[in-house]
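Based on the provided sequences and hints, a complete structural model is requested.
The listed protein sequences derive, respectively, from chains A and B.
Residue 127 in this note's numbering is what sits at position 127 of the first sequence, and the numbering runs on without skipping anything.
Residue 53 in this note's numbering is what sits at position 53 of the second sequence, and the numbering runs on without skipping anything.
Any given hint could be a false lead.
What the hints assert, rightly or not - Simulated coverage check for chain A against chain B, where a stretch passes if three residues somewhere in it have a Cβ under 8 Å from a Cβ of chain B:
#1 165 to 172
#2 209 to 219
What the hints assert, rightly or not - Chain B regions said to be covered by chain A (calculated; three or more residues, Cβ under 8 Å):
#3 132 to 144
#4 149 to 160
To be clear, the hints were calculated from the coordinates, so they are not data collected in a lab.
Nothing here was measured: the structure is a model prediction, and the numbers come from that model.
Virtual Cβ for every residue (Gly too), placed ideally from N, Cα, C.
For reference, the chains in residue letters:
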Amino acid sequence: MLRVFWCILIRDLTLALRRRTDVLTTLFFFVIVVSLFPLGVSTEHQVLRILGPGVVWVAALLASMLALERLFAADYDDGTLEQMLLTAQPLGLLVLAKIAAHWLLTGLPLVLIAPLVGMQYHLTETAIGVMMFSLLLGTPVLSLIGAIGAALTLGLRGGGILLSLLILPLYIPVLVYGAGAVEVSVIDLSDTRPYLTLLGAFLMVALIFAPVASAAALRISIE
Amino acid sequence: MTPNWFKLASPASFYPTAGRLIPVFWILTVVLLIVGLYWGFFETVDRLGGNNPQKEYYRIIFIHVPSAWMSMWLYVVMVGWAAIGLVFNTRLSFMMANAIAPTGAIFTFLALWTGAFWGRPSWGTYWDWDPRLTSELVLLFMYIGYMALHSAIDDIRRADRAAALLAIVGLVMVPVIFWSINCPDPNQCAALHQRSNLTKIDGNILFAMLTMMLAFWMYSFATTFMRLRGIILTREAESTWVHELLTDGGRA
Chain A
1 MLRVFWCILI RDLTLALRRR TDVLTTLFFF VIVVSLFPLG VSTEHQVLRI LGPGVVWVAA
61 LLASMLALER LFAADYDDGT LEQMLLTAQP LGLLVLAKIA AHWLLTGLPL VLIAPLVGMQ
121 YHLTETAIGV MMFSLLLGTP VLSLIGAIGA ALTLGLRGGG ILLSLLILPL YIPVLVYGAG
181 AVEVSVIDLS DTRPYLTLLG AFLMVALIFA PVASAAALRI SIE
Chain B
1 MTPNWFKLAS PASFYPTAGR LIPVFWILTV VLLIVGLYWG FFETVDRLGG NNPQKEYYRI
61 IFIHVPSAWM SMWLYVVMVG WAAIGLVFNT RLSFMMANAI APTGAIFTFL ALWTGAFWGR
121 PSWGTYWDWD PRLTSELVLL FMYIGYMALH SAIDDIRRAD RAAALLAIVG LVMVPVIFWS
181 INCPDPNQCA ALHQRSNLTK IDGNILFAML TMMLAFWMYS FATTFMRLRG IILTREAEST
241 WVHELLTDGG RA
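As structure tokens, then:
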């Protein structure tokens with residue numbers, strides 16, 4: 001069973017790396033959105049420090065959501081997805097592998113570039129560290145929940161805008177605790193613990209239920 | 001012996017039953033509304049609380065709290081029907097879930113709207129990012145998401161099942177909304193809402209509030225059944241019983 005997981009994961013990564021622009025587009029979308037806020041609001045250090053965590057998290061939400069459309073679309077168009085549904089392997093596992101690949105391509109780059117955008121907002125080093133860690137815990141949750149929405153809206157006209165309507169309300173807890181962790185880290189580092197623990201709990205719950213739900217959604221969409 | 005209630009699971013037999021029940025629920029709604037509003041306006045105290053009491057405007061509670069309750073309860077009922085539909089593959093269950101969604105969304109909107117008008121005199125603001133307000137807003141988004149997904153898919157069967165799955169996933173938010181008001185530590189959550197505790201409420205106020213809730217409940221039944229009849233007719237338009245019904249003059 002693990003071999004199937006690796007097989008799909010490596011296939012998706014290889015496919016994505018053959019078309020690197022897709023990956024880079026998401027990353028630069030994130031950087032551009034984050035860079036727009038200081039220009040629109042204010043460039044004062046004090047304001048930016050307050051604004052920073054929320055803006056970075058909202059941008060991460062939007063970036064990961066934009067990339068979601070591609071999660072199943074290509075496989076759906078060329079019929080690969082149908083073959084996956086027909087295999088004897090558990091569909092949840094295949095979906096989990098696809099989500100993992102998706103996160104490695106869209107979530108992980110955001111975590112890695114977070115220090116850079118953190119410096120744009122004059123965040124302290126501890127705040128940047130906490131932000132990276134909260135993104136590391138939070139972005140997989142975004143990919144996992146998003147996969148359900150992506151599977152439900154598969155092949156619909158105007159799927160992208162619909163996807164945002166379905167998925168963004170479910171993203172709100174992750175946003176609240178992700179950005180909250182960075183905000184309280186300014187006061188006291190030990191205060192971040194409940195926030196990060198809750199993010200970890202979200203990740204565990206999503207890891208168990210989201211692949212199953214996405215698999216069910218795929219079956220509904222490709223019936 | 002076959003259990004009797006399975007008979008009602010068929011749209012053709014439920015359609016006339018719903019038609020007979022609608023007037024009953026409307027009458028109950030009106031009666032309960034009159035009782036609840038009378039009690040709320042004339043049998044309760046004029047001002048609430050000790051020093052710095054809430055004046056007449058606290059009476060908004062008789063609309064606000066029941067609609068907030070119904071908004072959450074209807075979501076749970078909707079998910080229940082959606083789940084039954086997914087498990088047993090019954091057409092009527094999905095139609096039921098579909099018929100409930102707009103009523104639930106309206107109650108959610110009503111709770112937010114009356115809350116804003118209550119918040120203005122008592123908290124000095126129409127809107128604040130109190131956990132309860134925020135989570136109720138999320139509930140409104142979820143109702144809208146459900147309806148949007150359903151209407152975006154042309155194939156009815158897929159639309160029913162996809163929207164049902166979405167509703168079930170959204171159920172994780174309902175406990176959050178429910179408990180957002182009873183925050184364990186006020187310093188942690190900065191909630192403007194007081195903890196809800198029904199035993200502490202004055203008897204007359206509680207009576208009016210519960211009567212209003214029953215009225216809203218009956219109203220939900222009435223509107224849901226009316227909408228359900230519309231949905232049944234639209235979806236079963238090709239079947240013979242609908243043709244017979246329409247050629248007979250539409251009496252059922």
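Status of the hints after comparison with the structure:
1. 165 to 172: holds (count 6)
2. 209 to 219: holds (count 3)
3. 132 to 144: holds (count 5)
4. 149 to 160: With 5 residues close enough to chain A, the hint holds.
Of the hints listed earlier, there is not a single one the structure fails to meet.
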